[in-house]
Amino acid sequence: MNFLARSVRAVRPVRLVRSYATEAAATGLRLTFAVPHQTIYKDASVAQVNIAAVSGDMGILASHVPSIEQLRPGVIEVLEGASSKKFFVSGGFATMNPDSSLNINAIEAFPVEDFSAETIRHNLAEAQRIATSGATEEEKLAAKIEVEVLESLQAAVNAK
Amino acid sequence: MFATRAQPVASVLSAGVQTRNMATLREIQLRLNSIKNIGKITKSMKMIASTKVSKAQRAMETARSYGATSAAVYKNANTVPLETESNIWVVSSSDRGLCGGIHSSVAKATRKLIAEDTAPVAGVVVLGDKAKNQMTRSNRGDIKLSFNQIGKAIPTFAEASAAADTILTSDVKFDTATIIYNKFQSAIAYEATPIKNYSIEAFKASENFTAYELDEEVLENYNEFLFANNLYWALVEGHASEMSAKRNAMENATKNAGEMVDRLTMTYNRTRQAAITSELVDIITGASAL
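Chains as they are written, first to last, in our numbering: chain A, 1 to 160; chain B, 1 to 290.
Since the hints were derived computationally from the structure, they do not count as laboratory data. Even glycine gets a Cβ: it sits at the ideal position worked out from N, Cα and C. The reader is advised that the hints may include incorrect statements.
Below, a list of computed lysine-lysine pairs in the BS3-like style, where the Cα atoms sit at most 27 Å apart [claimed, not checked]:
(1) B:LYS40 to B:LYS55
(2) B:LYS112 to A:LYS42
(3) B:LYS173 to A:LYS42
(4) B:LYS255 to B:LYS75
(5) B:LYS255 to A:LYS42
(6) B:LYS255 to B:LYS152
(7) B:LYS152 to B:LYS52
(8) B:LYS40 to A:LYS42
(9) B:LYS55 to A:LYS42
(10) B:LYS112 to B:LYS40
(11) B:LYS43 to B:LYS196
(12) B:LYS75 to B:LYS112
(13) B:LYS40 to B:LYS108
(14) A:LYS42 to A:LYS86
Footprint (simulated), chain A over chain B, 3 or more residues, beta carbon under 8 Å [stated by the list, open to error]:
(15) 28 to 42
(16) 225 to 239
(17) 272 to 283
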């Protein structure tokens, strides 16, 4: 029994923050992660996906309850085996289907490593300026959304 | 003896092109030049379309998987439209011509589906001036919205979502939407295909709906998102089909122009030789009279 416990542990990365539910069912979680100009994952077999939904952060494993979640600007983390990849998404939807397939449609998604902190800081200052002293209501609203996205992006980039 | 044979030769040849009795060399030459120029233009248009096809096809593959991914929910739930729901028809085409039967293909399919469908028609939305021209001929009263400036470049998601937004926030009331676009089947074949967007009520009434757990407002946002996604998919794939059809049309045009040039060159040479022969005859009869 000891041997079994050790071999199961070897598959998953050791994390301090969250505790996992029981290991995935035989079929495994199949992820399709698409943006309009690129298909990042197509029916790929992954272990777990952490998404930032409007209703809260959640980790999706295989055999998760089917649901449709709206994504807020934030980080999507894909854990396959021992490695994990983080993508920052501007928004979209994640749907978990009964056949253990997770579909994520995002408008834009890029690996967190690709962002430069300098540009984020600069754009954030600019957006905050327009949000407070913009010409029209529409401009201010658009700038407020931009501020929200950029603040989330800044947190994500600084967190790693 | 020479004189009697020169005339019939010229007219037998021109029977294949046009009946021309006294076509002068000048006229044939002008026609020859203009057809050669047309051939050059169609050849360059074919080259341009070929380069655009490969790019458009790559974008299409991505857009297809993106659209299919978001529509998977309704497929899994086996959603069907409810009996009394009104349907809006979105005809996706473009502004540009010289691309074969692209525009008439979507228009014909839309007309056929409208005639077959039992659901009340909420209206017709046309994307692209050529589609508008086609649909005005048959369903002029139904056209509610039309978009242009479509087809110049590969459609972006921003354009599709702007169009979707305009349709959703307009005065047109509808429950379900059907988008007709040209599905790219191969480099030489395309077919007009519909994509259905279901209403929230239809989704709630579908078979496997209870399998999904979700919030009410998420569902509304998701439906709008799905509409934009499907529109994007239809626009990009329609663009790829159009580029491929344009390439084929220009290739045929170039080939035809080449054939016409060959035939006319033959006619030109025969006419030229006939003219020389008759001059010779004049000279010889003149000389033999001495």
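We went through each hint and held it up to the structure:
1. B:LYS40 to B:LYS55: holds (24 Å)
2. B:LYS112 to A:LYS42: The hint is violated at about 36 Å.
3. B:LYS173 to A:LYS42: Not satisfied, since the Cα-Cα distance of roughly 36 Å exceeds 27 Å.
4. B:LYS255 to B:LYS75: violated (45 Å)
5. B:LYS255 to A:LYS42: Violated - the C-alpha atoms of A:LYS42 and B:LYS255 are around 42 Å apart, more than 27 Å.
6. B:LYS255 to B:LYS152: The hint holds at about 26 Å.
7. B:LYS152 to B:LYS52: Distance ~11 Å between B:LYS152 and B:LYS52 Cα, so the pair holds.
8. B:LYS40 to A:LYS42: Roughly 43 Å between the alpha carbons, so the hint for B:LYS40 and A:LYS42 is violated.
9. B:LYS55 to A:LYS42: holds (20 Å)
10. B:LYS112 to B:LYS40: violated (39 Å)
11. B:LYS43 to B:LYS196: violated (38 Å)
12. B:LYS75 to B:LYS112: holds (24 Å)
13. B:LYS40 to B:LYS108: Cα-Cα ~32 Å, so violated.
14. A:LYS42 to A:LYS86: The hint holds at about 16 Å.
15. 28 to 42: violated (count 0)
16. 225 to 239: Check passed, 3 qualifying residues.
17. 272 to 283: Violated - the stretch 272 to 283 of chain B has 0 residues with a Cβ nearer than 8 Å to chain A, which falls short of three.
In summary, the numbered hints that this structure violates are 2, 3, 4, 5, 8, 10, 11, 13, 15, 17.
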